[in-house]
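Starting from the structure of chain A, add chain B where the hints point.
First to last, the sequence lines map onto chains A and B.
The opening residue of the first sequence carries number 10 in the numbering used here; numbering runs sequentially from there.
The opening residue of the second sequence carries number 7 in the numbering used here; numbering runs sequentially from there.
If a hint is listed, it holds; no wrong ones were tucked in.
Subject to a maximum C-alpha distance of 16 angstroms in a straight line, what follows is the list of computed EDC-like cross-link-like pairs (lysine to aspartate or glutamate):
(1) Lys48/B to Asp47/A
(2) Lys92/A to Glu71/A
(3) Lys7/B to Asp33/B
(4) Lys66/A to Asp104/B
(5) Lys74/B to Asp33/B
(6) Lys7/B to Asp68/A
(7) Lys79/A to Asp63/A
(8) Lys92/A to Glu24/A
(9) Lys18/A to Asp45/B
(10) Lys92/A to Asp47/A
(11) Lys74/B to Glu62/B
(12) Lys7/B to Asp104/B
Bear in mind the hints are in silico, worked out from the structure with no lab data behind them.
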Amino acid sequence: DGGITQSPKYLFRKEGQNVTLSCEQNLNHDAMYWYRQDPGQGLRLIYYSQIVNDFQKGDIAEGYSVSREKKESFPLTVTSAQKNPTAFYLCASSMAQVNTEAFFGQGTRLTVV
Amino acid sequence: KQEVTQIPAALSVPEGENLVLNCSFTDSAIYNLQWFRQDPGKGLTSLLLIQSSQREQTSGRLNASLDKSSGRSTLYIAASQPGDSATYLCAVYRHNTDKLIFGTGTRLQVFP
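With the rest of the complex left out, here is chain A:
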């Protein structure tokens, strides 16, 4: 089946640790995105990538890092510099053209313990 796979579904992080969230797609999409969702707020863009080996900061990139070494993969690292990382993280992809539909994965819930 074509789609976007995020793993793990649940992730627990200790204070001061870096953790990496996985996002893989087999839709042959050029563009990939990471969003953060908090209760009562809309989705906020963390990072996005329109092409392999290139990515741009979104609205809330501080404390996060990404890489795009392969078209299919766009992992997100939540670093210790992110002061409030507990949230629901969503990965999405779309064709590079702006008038195309975006598809989302099932999300990763990150909790700081």
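Then chain B, alone, in the frame of chain A:
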């Protein structure tokens, strides 16, 4: 700055009702508008995509309209069912950006 607003924030209706969810945006310079459904603890499922040149899109019991000049979109759900209970989000793809801008959603509950 593009802002997207969804009203109401929550809605509870009996099964069988036809209902309308509203989405408004402040900047009409958009490429498209997309409606999503989100079940609790899950990702987003795309429902309908309306290009800026289109007035409406239909899929089954769902119909979405777009009035770009007034900055409004509505999602019409016909003959609602308990399985329609979810949060519905709209998002616009604004000109000169590479991202979708989301509203905060409408939480819908359809009771039997």
